[in-house]
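Trainee: If you're matching them up, the sequences are chains A and B in order.
Per this note's numbering, the very first residue in the first sequence carries number 375; after that it's consecutive.
Per this note's numbering, the very first residue in the second sequence carries number 6; after that it's consecutive.
Please note that the accuracy of each hint is not assured.
[What the hints assert, rightly or not] Reference excerpt, derived from the structure (chain A facing chain B, CB under 7 Å, subset only):
(1) Ala731
(2) Ala799
(3) Glu806
(4) Ala807
(5) Val811
(6) Ala813
(7) His816
(8) Gln817
[What the hints assert, rightly or not] List of simulated lysine-lysine pairs, DSSO-like, C-alpha gap at most 27 Å:
(9) B/Lys128 to A/Lys798
(10) B/Lys134 to A/Lys798
(11) B/Lys52 to A/Lys733
(12) A/Lys815 to B/Lys153
(13) A/Lys815 to B/Lys128
(14) A/Lys563 to A/Lys474
(15) A/Lys815 to B/Lys151
(16) A/Lys815 to B/Lys134
(17) B/Lys52 to A/Lys798
No lab work stands behind these hints: they were computed from the structure.
Don't be surprised by glycine CBs; every beta carbon is placed ideally from N, CA and C.
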Amino acid sequence: MSDAQAIGPAATDSWGSDQARRRVRRRYAADRRLQAYGIIAIALAVGLLGVLITSLIRTGYPAFIQTKVELPIYIDPAKVDPQDPGSGKYRALVREAVDKAVPGIPDDQKRSIGKILSSDAAYIVRDYVVIHPDVIGKTITLPIAVSDPYDQLYKGVIPKEMDALNWTQVRWFERLKNRGLVVEHDGRKSLKLDVYVNPKFVEAGPPPSGDFAVLAQSSLKAYLPRIIDTSLGEMLAEDAPEAIGARVAADPAIIGKTVQIFFPLSPHYATLAKGETPKVLNSRFSEDQLKAFDLLDEKGLLRTPFNWELFFNADSRFPERAGLAGAITGSFYALLVCFLLSFPIGIAAAVYLEEFAPKNRFTDLIEVNINNLAAVPSVVFGLLGLAVFLGFFGLPRSAPLVGGMVLSLMTLPTIIITTRAALKAVPPSIREAALGVGASKHQVMMHHVLPLALPGILTGTIIGMAQALGETAPLLLIGMNAFIPSVENMGILEPATSLPTQIFSWADSPERGFVSRTSAAILVLLGFLVIMNIIAITLRQMFQRKW
Amino acid sequence: MEANVEAQPAIRVQAPVVPEPKEGASAAAQHELKMAARDVNLWYGEKQALFDVNLEMFDSSVTALIGPSGCGKSTFLRCLDRMNDVIDGCRVQGDIRLDGEDIYAPRVDPVQLRARVGMVFQKPNPFPKSIFENVAYGPRIHGLCKTKAEYAEIVEKSLTRAGLWDEVKDRLDESGTGLSGGQQQRLCIARAISVNPEVLLMDEPCSALDPIATAKIETLMDELRKSLCIVIVTHSMQQAARVSQRTAFFHLGKLVEVDGTSKIFTNPTDVRTQDYVTGRFG
Numbered sequence: 375m376s377d378a379q380a381i382g383p384a385a386t387d388s389w390g391s392d393q394a395r396r397r398v399r400r401r402y403a404a405d406r407r408l409q410a411y412g413i414i415a416i417a418l419a420v421g422l423l424g425v426l427i428t429s430l431i432r433t434g435y436p437a438f439i440q441t442k443v444e445l446p447i448y449i450d451p452a453k454v455d456p457q458d459p460g461s462g463k464y465r466a467l468v469r470e471a472v473d474k475a476v477p478g479i480p481d482d483q484k485r486s487i488g489k490i491l492s493s494d495a496a497y498i499v500r501d502y503v504v505i506h507p508d509v510i511g512k513t514i515t516l517p518i519a520v521s522d523p524y525d526q527l528y529k530g531v532i533p534k535e536m537d538a539l540n541w542t543q544v545r546w547f548e549r550l551k552n553r554g555l556v557v558e559h560d561g562r563k564s565l566k567l568d569v570y571v572n573p574k575f576v577e578a579g580p581p582p583s584g585d586f587a588v589l590a591q592s593s594l595k596a597y598l599p600r601i602i603d604t605s606l607g608e609m610l611a612e613d614a615p616e617a618i619g620a621r622v623a624a625d626p627a628i629i630g631k632t633v634q635i636f637f638p639l640s641p642h643y644a645t646l647a648k649g650e651t652p653k654v655l656n657s658r659f660s661e662d663q664l665k666a667f668d669l670l671d672e673k674g675l676l677r678t679p680f681n682w683e684l685f686f687n688a689d690s691r692f693p694e695r696a697g698l699a700g701a702i703t704g705s706f707y708a709l710l711v712c713f714l715l716s717f718p719i720g721i722a723a724a725v726y727l728e729e730f731a732p733k734n735r736f737t738d739l740i741e742v743n744i745n746n747l748a749a750v751p752s753v754v755f756g757l758l759g760l761a762v763f764l765g766f767f768g769l770p771r772s773a774p775l776v777g778g779m780v781l782s783l784m785t786l787p788t789i790i791i792t793t794r795a796a797l798k799a800v801p802p803s804i805r806e807a808a809l810g811v812g813a814s815k816h817q818v819m820m821h822h823v824l825p826l827a828l829p830g831i832l833t834g835t836i837i838g839m840a841q842a843l844g845e846t847a848p849l850l851l852i853g854m855n856a857f858i859p860s861v862e863n864m865g866i867l868e869p870a871t872s873l874p875t876q877i878f879s880w881a882d883s884p885e886r887g888f889v890s891r892t893s894a895a896i897l898v899l900l901g902f903l904v905i906m907n908i909i910a911i912t913l914r915q916m917f918q919r920k921w
Numbered sequence: 006m007e008a009n010v011e012a013q014p015a016i017r018v019q020a021p022v023v024p025e026p027k028e029g030a031s032a033a034a035q036h037e038l039k040m041a042a043r044d045v046n047l048w049y050g051e052k053q054a055l056f057d058v059n060l061e062m063f064d065s066s067v068t069a070l071i072g073p074s075g076c077g078k079s080t081f082l083r084c085l086d087r088m089n090d091v092i093d094g095c096r097v098q099g100d101i102r103l104d105g106e107d108i109y110a111p112r113v114d115p116v117q118l119r120a121r122v123g124m125v126f127q128k129p130n131p132f133p134k135s136i137f138e139n140v141a142y143g144p145r146i147h148g149l150c151k152t153k154a155e156y157a158e159i160v161e162k163s164l165t166r167a168g169l170w171d172e173v174k175d176r177l178d179e180s181g182t183g184l185s186g187g188q189q190q191r192l193c194i195a196r197a198i199s200v201n202p203e204v205l206l207m208d209e210p211c212s213a214l215d216p217i218a219t220a221k222i223e224t225l226m227d228e229l230r231k232s233l234c235i236v237i238v239t240h241s242m243q244q245a246a247r248v249s250q251r252t253a254f255f256h257l258g259k260l261v262e263v264d265g266t267s268k269i270f271t272n273p274t275d276v277r278t279q280d281y282v283t284g285r286f287g
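Whenever a hint applies, use it, and build me the whole structure from the sequences.
Mentor: Okay, here's the thing in structure tokens:
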């Protein structure tokens, strides 16, 4: 009895005591802290998602518009045979049209000016003429995509001029300037450097000779030790070494002594010394092309329509012509195969394991393995597909059939696990009710359990499909990143590409236009994922029944 | 709303149920023997749940199974329509006969058996389908009807017998799960009798219901027993006394005593039965 009293709170320790109040305060504080952690975590997740989407949209939106030239083209019957419109001299037609739009181009520049247009320009015209043969002999106005650099220029993604000097070069110059070495000499911005006129390199002459350039470089280097970048030498003007020669000619006695010599700065650094930022023309443009391009703009021939070709064109080497149609078709076929394989097999496996399989070591083993399969890295499935489907069964490479089979290997565990969970979630009372009126096991499953589990099964399946849609590694391994310039011949046995592998190969491409196209393709992929999730939610709500 | 609808008939039904005098053991014996269990032993894995149960159930009468929780009465009930078959590791030994035929014989199909021995469960468990479909489901899977009219007839008949027709005849297309608890349980009874079973097993059919709904079900049982053999598991001794003609007392997996209901409740042979019905334990 006395023990019990010692353990329990003393009667005087009432709810109002300081200790009790402190306990309550601490408890409330802990509750609030827990809530705050949750809010912080969610805010962080939403914030990061926002950053991701914003950056994708910012880099991706230029890909949704495309600069085009509305070029009037005369389809000369002399160059295009009406009997065989497929093999005309379209390149010449386009060149003539450009010539007409931008008159007065010297012959030797015509080729270069033509590069304003997409390299596919001739094919765009040909494709149009093949579909509309009646335009032969007429002048048509066809919007033709401009080449990538000019597209990017017109959309303001890249500037016409670039900084001539990088920031390290600017910093070297600042260091010299801070030491007061940058001065005005003979009307030129110059560097005032101490030079040891080494007798080994310089002979008095007359006229004085020697390796002045090396001397000038090494004396500049002496001011900026430990810099091995050879572009340092570009700081001095080309005629700078002559300053040494001039001094020696004026006073041969300086050989073997250290004297102050003024070296004129090269034009970019001279501009920098004036307090301006030196600029050079972007190396992807030429003056002539820019002139012609501005002329086209003045004439009002440039347009920036919505880039439907992003969705309806297949891949191309030229970013201005590249689209996602091939990737979307390939992904569709692969997902179709994946769905047709994994949905019935997954449901059948799940129903058997959940409802019919005896509980023994063997089924336990199967269950553990299925759960483990869900965690296997997708690249491993890709290797498996490569070895088994391609290597052993000899199925065609790069085909959506194999891609879908590999993806279904990945999706199956997801579908089986979610289906089993959905079957488990069907209340046993429904099974008992059905069994009680004399339904067979099969009838219980088909009439009651499966329909009730369907929303869960569909949700799991669509989530599995969405996962498969975004899967890249296994598709790369079986070669489903083929270059598909046309959707015409696509089928489940033909080489194909898919959305994620298309993104992968675009991200790898050096052209500026593919940067925004990569982001745009990611947005398209995300769009498909969102659509699939909306379908999943809708289906779940449609089939959901209460009991 | 719902409570009002049910309240009015409830007052009427109270009268015949409560004061009705119970027939004795001899009266029950007048009825034909429907089901008989002989030396039934049952194991869940290693654990034995029933020990040598011998019980006879008669046609046109209600047999109540009472006893404390876990005594095996529900387990025994589920043996009678072989619902235990679906439980892993459940093993039944002994002899259970329906009309003299061993229901555990290899050639007996449990699915067909369950059409002859219907079951109503503790929690109302209508299918999440329309009221019509709930009742028509049994006849449909057994192929009892061919035309739509036949289904409509069987649905009406079953619902009428279950005393639910007047309440739901205008909303047969609505979901069975939208009904009140008592209505749902009567719907489940209608579903069970729609296939014309010979035996109706009821596993605590009123434990989830309020007294008014309970009274309705009890009246219904009294009505149904005219053409059926009913076996009911109940925790309410008053209910057993009200509805049954024979009562079996289970304790720790053994059948302690079975006799006419009035005998069990007034003059039991076994001291454990006496202790239980007088509320000394359990």
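Trainee: All the hints need checking, so say for each whether the structure fits it.
Mentor: Hint check results:
no. : hint                 : in the structure
1   : Ala731               : 11 Å, violated
2   : Ala799               : 13 Å, violated
3   : Glu806               : 6 Å, holds
4   : Ala807               : 4 Å, holds
5   : Val811               : 4 Å, holds
6   : Ala813               : 5 Å, holds
7   : His816               : 10 Å, violated
8   : Gln817               : 6 Å, holds
9   : B/Lys128 to A/Lys798 : 19 Å, holds
10  : B/Lys134 to A/Lys798 : 20 Å, holds
11  : B/Lys52 to A/Lys733  : 18 Å, holds
12  : A/Lys815 to B/Lys153 : 26 Å, holds
13  : A/Lys815 to B/Lys128 : 21 Å, holds
14  : A/Lys563 to A/Lys474 : 47 Å, violated
15  : A/Lys815 to B/Lys151 : 23 Å, holds
16  : A/Lys815 to B/Lys134 : 19 Å, holds
17  : B/Lys52 to A/Lys798  : 25 Å, holds
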